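From first to last, the protein sequence lines stand for chains D and G.
Under our numbering, the residue at position 185 of the first sequence is numbered 185, and the numbers go up by one with no gaps.
Under our numbering, the residue at position 126 of the second sequence is numbered 482, and the numbers go up by one with no gaps.
FYI, nobody ran anything at the bench for these hints, they're computed from the structure.
Careful: at least some of the hints might be erroneous.
If we take Cβ atoms under 7 Å as the criterion, some of the chain G residues that face chain D in the derived model are [to be verified]:
| hint | residue |
| --- | --- |
| 1 | V381 |
| 2 | A682 |
| 3 | N685 |
This structure is a prediction, so every number in the text was calculated from the model and none was measured.
By construction, the Cβ of each residue, glycine as well, lies at the ideal position given by its N, Cα and C atoms.
Protein chains: 2
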Amino acid sequence: MSEPLPQGAVIGILGGGQLGRMLAVAAARLGYETHIYDPDPAAPAFATARHGTVAPYDDAGALAAFAESCAVVTYEFENIPPEALDAIEQTASIHPNRRALTLSRDRLTEKTFLRDLGLTTAPFEAVENTATLATALEAIGTPSILKTRTLGYDGKGQIRLDTPEDVSGAVDAIAGAPAILEGFVSFTKEISVIAARSTTGAVACYDPGENVHRNGILHTTTVPAEVTNRDRTDAVLLAGQILNALDYVGVMGVELFVTKGGLIVNEIAPRVHNSGHWTQLGCAIDQFEQHIRAITGLPLGPATRHTDVVMENLLGDDVLKLPALADENAQIHLYGKSEPRPGRKMGHINRLKPTA
Amino acid sequence: MSEPLPQGAVIGILGGGQLGRMLAVAAARLGYETHIYDPDPAAPAFATARHGTVAPYDDAGALAAFAESCAVVTYEFENIPPEALDAIEQTASIHPNRRALTLSRDRLTEKTFLRDLGLTTAPFEAVENTATLATALEAIGTPSILKTRTLGYDGKGQIRLDTPEDVSGAVDAIAGAPAILEGFVSFTKEISVIAARSTTGAVACYDPGENVHRNGILHTTTVPAEVTNRDRTDAVLLAGQILNALDYVGVMGVELFVTKGGLIVNEIAPRVHNSGHWTQLGCAIDQFEQHIRAITGLPLGPATRHTDVVMENLLGDDVLKLPALADENAQIHLYGKSEPRPGRKMGHINRLKPTA
Chain D
1 MSEPLPQGAV IGILGGGQLG RMLAVAAARL GYETHIYDPD PAAPAFATAR HGTVAPYDDA
61 GALAAFAESC AVVTYEFENI PPEALDAIEQ TASIHPNRRA LTLSRDRLTE KTFLRDLGLT
121 TAPFEAVENT ATLATALEAI GTPSILKTRT LGYDGKGQIR LDTPEDVSGA VDAIAGAPAI
181 LEGFVSFTKE ISVIAARSTT GAVACYDPGE NVHRNGILHT TTVPAEVTNR DRTDAVLLAG
241 QILNALDYVG VMGVELFVTK GGLIVNEIAP RVHNSGHWTQ LGCAIDQFEQ HIRAITGLPL
301 GPATRHTDVV MENLLGDDVL KLPALADENA QIHLYGKSEP RPGRKMGHIN RLKPTA
Chain G
357 MSEPLPQGAV IGILGGGQLG RMLAVAAARL GYETHIYDPD PAAPAFATAR HGTVAPYDDA
417 GALAAFAESC AVVTYEFENI PPEALDAIEQ TASIHPNRRA LTLSRDRLTE KTFLRDLGLT
477 TAPFEAVENT ATLATALEAI GTPSILKTRT LGYDGKGQIR LDTPEDVSGA VDAIAGAPAI
537 LEGFVSFTKE ISVIAARSTT GAVACYDPGE NVHRNGILHT TTVPAEVTNR DRTDAVLLAG
597 QILNALDYVG VMGVELFVTK GGLIVNEIAP RVHNSGHWTQ LGCAIDQFEQ HIRAITGLPL
657 GPATRHTDVV MENLLGDDVL KLPALADENA QIHLYGKSEP RPGRKMGHIN RLKPTA
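Let the hints inform the model, and build the full structure from the sequences given.
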């Protein structure tokens with residue numbers, strides 16, 4: 001695409017969760033309209049978009065009509081069935097591209113891609129059944145983690161193995177789904193890089209943020225991360241390497257483990273990322289706007305940070321703290337979800353720490 | 357209202373222009389839904405709100421149904437017919453209140469209110485016809501400006517009188533509408549204060565911004581304004597005085613002239629204000645969120661500025677500069693208007709100047 005999409009063009013977004021909602025708002029700020037596609041009529045993004053389709057991801061007719069109405073299609077989550085892409089790609093182009101999407105929805109292809117790129121990952125082996133798990137366990141050792149190849153997120157679909165005796169129960173626990181066994185990595189902290197690449201191949205990376213998890217779910221991201229300059233530079237360079245290798249267009253989240261021996265790539269997400277929400281307060285151009293710029297053919301903006309930020313997720317009943325939170329010099333983002341179930345991401349708060 | 361509105365409550369917004377649009381986005385960020393009311397189906401705010409009514413402001417039935425669907429009603433412009441308020445107030449409360457609205461839509465009642473409060477305004481006299489204009493002109497002198505009492509904005513409905521001979525044409529030029537004659541004020545600059553007041557009477561004021569107009573339309577607002585500490589303090593204090601006197605709930609824009617003898621109040625606007633758009637980049641809590649907090653009964657946030665900002669309006673064809681503007685470290689806000697007519701506000705850009 002040589003010219004940016006014209007004002008008023010419609011951007012399709014697969015998935016109407018909080019990420020889709022914040023993408024829709026960013027698109028509006030750049031003069032674009034959005035069309036949200038989600039099976040759930042209560043999905044938060046419908047409230048901030050002009051157009052909406054409520055239909056399952058395997059409804060080829062609804063997907064085709066959706067694609068027909070859009071100048072470009074993007075998505076807020078990676079677990080999109082390939083058949084949905086087939087239906088859409090007849091008429092609309094999809095960013096980030098299919099390769100990035102299909103690769104990252106499968107832990108085995110993702111880790112293989114990263115290793116083939118010369119990057120360091122945790123040791124891993126493919127696991128199909130109890131027998132191959134035993135073989136994998138010999139290679140990887142314990143402690144290790146058995147993870148389903150697809151559909152896992154926020155710690156779901158994962159079983160920790162502390163001794164070889166845990167084998168039999170583990171395969172049952174993931175219902176025999178194709179999996180990988182990952183070795184434990186001894187890391188000092190987790191950081192992530194939010195990186196963007198434009199249709200012309202320009203790359204912009206935000207400062208790495210330092211992530212703290214609770215119960216397998218992101219709790220806080222603090223920027224800047226306390227890491228060595230070398231790790232900071234390596235993080236940004238390897239993110240650029242990944243984007244270029246995929247001929248990627250859009251924003252990607254790259255999760256990294258910091259170890260004494262250098263950085264280990266944990267996971268990539270071909271979309272805007274929870275650990276990039278701090279950019280809404282810390283940067284003139286946040287990750288959501290950057291993604292919209294990328295997929296519409298606009299130039300990327302600088303990923304410069306003008307202030308230090310701590311982002312904290314509001315899970316479940318945390319949202320009830322709102323009146324008290326409102327007293328702080330902090331930016332509140334709520335997602336408009338009606339049921340504050342335990343562990344459910346209801347919103348986040350960006351706290352400002354002015355740079356000295 | 358003692359408890360804040362619950363998550364998911366619907367906020368009604370009269371007027372679907374860019375201010376309504378940015379209010380709707382701020383409401384979404386706090387977990388509220390919005391219902392936009394505007395006679396124009398192409399109004400920008402419909403694209404970012406869940407609910408919309410397209411109907412004229414004198415359609416009592418549509419207004420009643422609109423009010424019925426809302427937990428609270430606010431507005432983005434002051435030229436709302438009193439009959440519309442009648443229809444709404446049967447079922448929903450309106451913030452800011454009726455007194456602030458009716459007072460500020462008439463230059464004569466507005467200026468009289470400000471003068472009665474002990475504040476300095478430009479000298480003014482009521483004008484009903486050519487005869488009273490001649491009398492007023494004797495009191496005020498030339499140069500002076502004849503302004504319609506209602507419906508004037510962005511320099512519309514104003515005629516400058518340089519000599520007493522201009523009298524006869526002037527009344528014709530404003531079609532005999534009720535008017536006021538204002539004396540010229542010799543000022544060094546115009547500043548404005550964006551001030552907010554909560555349901556509990558708490559007041560928060562943003563730093564005064566310095567405004568530059570072109571052709572009677574706001575061109576840039578720079579924050580901080582270059583003024584003396586005394587003027588800065590006076591500006592904030594008098595804004596608070598105005599809000600308290602009106603028992604005001606919501607955000608107000610207060611335009612001030614800086615003169616050697618102190619501050620002169622030019623105009624008040626009972627709504628979020630173009631000269632407050634810089635808060636989107638300069639503050640954790642911007643004027644739109646502050647307004648939503650006020651009218652929903654949430655505590656106000658701090659109006660602290662963490663960075664210096666220059667806001668520039670994009671008028672008419674300015675919007676075509678977009679790809680070039682996108683290269684800057686600046687925050688772009690476009691309103692999604694389809695026709696870039698000359699002088700029409702199409703968007704704005706917030707440029708960041710990190711504080712030294």
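Structure-based check of each hint:
no. : hint : verdict
1   : V381 : holds (5 Å)
2   : A682 : holds (5 Å)
3   : N685 : holds (4 Å)
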